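Undergrad: The primary structure of each chain is shown beneath.
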Amino acid sequence: MPHDVPMKSPAPALAPREIPHTVSPGLWTLAWRRLRNDYVGMVSLAIVGAFIVLMILSATGLIAGDWSREVGTNYAPPSFIGADVEGGTPAAPAAAPTAPPPASEYKTSIVDPIGDVIAELKGEKAAPAVPGAAPGAEEKSVDPLADVMADIKAGKGVKGETAPAEVRAATLPFGGDKWGRDVLKKTIKGSETSIFVGIMSAIVATILGTVFGALAGYYGKWVDDAFNWFYSVFSSIPYLLLVLAVAAVLQQKGMLTIILILGLTGWTGVFRLIRAEYLKHKAREYVQAADAIGASNARRMFIHIFPNVSHVVLVQLSILTVGFIKAEVILSFLGFGVPVDVVSWGSMLNEAQNELILGKWWQLVAATVAMATLVTAFSLFTDALRDALDPKLKGRHGH
Amino acid sequence: MSGYIARRIWQMIPTMMGVVLLVFVLFNTVGGDPAYVLAGKISNQEQIDNIRRQLGVDQPYYVQLWIFVKQIVSADFGASWSTNEKVSHILATRLGPSLTVLVPLLILDTLFSIGLALAVAYVRGSLTDRMVMIVCTVGLSISILVYIIVFQYFFAYKLGWFPVQGWGDSFAENLFRYAPLPILIGLAVSIAPSLRLYRTFVLDEINQDYVRTARAKGVSENRIMWIHVLRNASIPIITNLMATLPGLLLGHFLIERFFSIPGIGREVILAVERSDFPVIKAITVYVAFATIATNLLADLTYKAVDPRVQLK
Chain F
4 MPHDVPMKSP APALAPREIP HTVSPGLWTL AWRRLRNDYV GMVSLAIVGA
54 FIVLMILSAT GLIAGDWSRE VGTNYAPPSF IGADVEGGTP AAPAAAPTAP
104 PPASEYKTSI VDPIGDVIAE LKGEKAAPAV PGAAPGAEEK SVDPLADVMA
154 DIKAGKGVKG ETAPAEVRAA TLPFGGDKWG RDVLKKTIKG SETSIFVGIM
204 SAIVATILGT VFGALAGYYG KWVDDAFNWF YSVFSSIPYL LLVLAVAAVL
254 QQKGMLTIIL ILGLTGWTGV FRLIRAEYLK HKAREYVQAA DAIGASNARR
304 MFIHIFPNVS HVVLVQLSIL TVGFIKAEVI LSFLGFGVPV DVVSWGSMLN
354 EAQNELILGK WWQLVAATVA MATLVTAFSL FTDALRDALD PKLKGRHGH
Chain P
805 MSGYIARRIW QMIPTMMGVV LLVFVLFNTV GGDPAYVLAG KISNQEQIDN
855 IRRQLGVDQP YYVQLWIFVK QIVSADFGAS WSTNEKVSHI LATRLGPSLT
905 VLVPLLILDT LFSIGLALAV AYVRGSLTDR MVMIVCTVGL SISILVYIIV
955 FQYFFAYKLG WFPVQGWGDS FAENLFRYAP LPILIGLAVS IAPSLRLYRT
1005 FVLDEINQDY VRTARAKGVS ENRIMWIHVL RNASIPIITN LMATLPGLLL
1055 GHFLIERFFS IPGIGREVIL AVERSDFPVI KAITVYVAFA TIATNLLADL
1105 TYKAVDPRVQ LK
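Protein chains in written order, with my numbering: chain F, 4 to 402; chain P, 805 to 1116.
I should point out that these hints are in silico values taken from the structure, not numbers from a laboratory.
Nothing here was measured: the structure is a model prediction, and the numbers come from that model.
Any given hint could be a false lead.
Stated by the list, open to error - Straight-line C-alpha distance at most 20 Å; calculated SDA-like pairs for lysine to any residue: (1) P:962 - F:359; (2) F:224 - P:818; (3) F:256 - P:834; (4) F:283 - F:301; (5) F:256 - P:830; (6) P:962 - F:362; (7) F:256 - P:962; (8) P:874 - P:864; (9) P:962 - F:376; (10) F:224 - P:830; (11) P:962 - F:368.
The whole structure should be built from the sequences, with the hints applied where relevant.
TA: This is how it looks when you write it as structure tokens:
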């Protein structure tokens, strides 16, 4: 084992100097230490962790369980000011009409014209020409919304507490979709789907690739030939074409289907690497020693060799997860992925495509930002993980 | 050399047979009786029976497989289940539009990526290098869908610089009127990964002894980068280019779909949407064959650009 590590061994009771018996740190301890010193790696790990926590919370229904509730008006624009209207608390909007918030509080420039328009409408309703001259003139989608918003606010001011509990908010902090569902909650729910599909299919593909690679590399001879043939067949069909062909054949849609499609077609990269590792390891002394003490083939393969190649597996797992999250988004976008009643980043982008023409950019931005953040963090984390687990490679790849 | 090629072609046969078998298993056994798929598309029972007879659905599997092999060899997959167009005609007419977009895209992508890779690798470790790499990483993590949606919206819909979508009949019109925006999007998507990869190839070379020797004897930095380093780095670059070639044919199916370019990629999507099995089968098999062939071509190019490589 390498001893070039600074001797800041975690054991504080290093006092008995007469016995220089220190357990040298294992592969994982060393890797963790290297990873901990990698600032970028730790930050991306935290982001990935946050996304996974979000996914679990969402899957258990603790957050975003009510994402499909139509809490806002159709295409409610994003605004943090409107947040007090959300949830339909009758007390807050009752106060709003008397004292409209100053324009300086509006955060984004696109929301800004609405503030002016509202003020105009509130002050003198008999001036319909003024909104047209407002700075929001070029943003033609804003005007009708402003009217709706003013109407709602005015309506609430009149009716006061008679407003029903399910009254729809005019604006939502992150905007609303076509049916007025909260885009933030929808994005969280979509993340749940996309990340879950990505991770599960990566696990399926990694297990397949590892088992095939282990068998091929360990047994060699005709087993190796057979698996190599299998590999060359799968890898000679471009990946997305294979995925689409399988999607065409499997008519039923569902999470399980897409996980299987991605998992069953994506194992080739793992196979190649794991096979090479097993070829290298099977002739090593420790495997011969295992043979000498009578370890069975399966035991040698998975108890003795596997821990020594598991870092390759882990890195491949995270590379595949990123790839599959992207693939899921594309498949769901095309409508070959998750069913229509399940929201994913792909289905959000599909809706956003038409919304953008109408000037409703927020769903596109929400899905894009969520996905870009996760995928960037995951890629950087993968790089850091690879550096940590195999320091010899450092600097040899893009990072 | 010719012995090597002959041996490689001989070795390709099992793989090709495997591809045929995989596609066959997928469509003829997993896919089930085509009558179920056809029932929703064709009301004429006689026509369905005709298609089933052509595919030999009621015959044993080996007969069906033989029919499939004959279809592949004669390039006659019958007619599309949806449009009744001959599959061979579909393939022949869809290849042109795909290549009209892909060839310029590939050339521009390669030139830009190599130039940038040399520049960035030369200042490796500097702020510029790091910034470019960060931009690449972030750029890579944004879905291609977003690039297409946003670019199409801004450049075509909002600014009106390009047509929103469409495809004409004349080659020049297609290339200069309809293809530029798809090519631009393709570049935005593909430069980041190519640049990252080529940068590592250049970095592998830039620390070699021959670079130091060249510097020691006073060769200009430009000459070192563009002549000495580039020639050596081009070996993995060419291999990589060749290897990605067939995948590219489909890689930009999303672009073709958004811009209504009647190419191979769009055809695949349409076929999957319509469960048009003959079209998918034909495209899958032929693209796989093309991949196998280009793999051989890649190895031969490898040998051609690097005489040190020994082909076994």
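Undergrad: Is it true that the CA of residue 962 of chain P sits at most 20 Å from the CA of residue 368 of chain F?
TA: Distance of about 18 Å is within 20 Å: holds.
Undergrad: Check the hint pairing residue 256 of chain F with residue 834 of chain P against an upper bound of 20 Å on the C-alpha distance.
TA: Holds, because 15 Å separates the two Cα atoms, which is no more than 20 Å.
Undergrad: Just to be careful, I want the Cα atoms of residue 962 of chain P and residue 362 of chain F compared with a cutoff of 20 Å; is the pair within it?
TA: holds (10 Å)
Undergrad: Straight-line Cα separation of residue 283 of chain F and residue 301 of chain F no greater than 20 Å?
TA: OK: residue 283 of chain F and residue 301 of chain F at ~17 Å, within 20 Å.
Undergrad: Does residue 359 of chain F sit within 20 Å of residue 962 of chain P, going by the straight-line distance between their CA atoms?
TA: holds (11 Å)
Undergrad: With the threshold set at 20 Å, check whether the alpha-carbon distance from residue 962 of chain P to residue 376 of chain F stays at or below it.
TA: violated (27 Å)
Undergrad: Would you check the hint for residue 256 of chain F and residue 962 of chain P, treating anything up to 20 Å between C-alpha atoms as holding?
TA: violated (36 Å)
Undergrad: Would the hint linking residue 224 of chain F and residue 830 of chain P be met if the CA-CA limit is 20 Å?
TA: Violated. Residue 224 of chain F to residue 830 of chain P sits at ~28 Å, over the 20 Å cutoff.
Undergrad: Below or equal to 20 Å on CA atoms is what counts here, so check residue 256 of chain F against residue 830 of chain P.
TA: The given pair, whose Cα atoms are some 17 Å apart, holds under the 20 Å limit.
Undergrad: Hinted pair, alpha-carbon criterion (20 Å max): residue 224 of chain F, residue 818 of chain P. Please report holds or violated.
TA: holds (17 Å)
Undergrad: Need the status of pair residue 874 of chain P, residue 864 of chain P: alpha-carbon distance at most 20 Å?
TA: holds (16 Å)
Checked against the numbered hints above, the structure breaks hints 7, 9, 10 and satisfies the rest.
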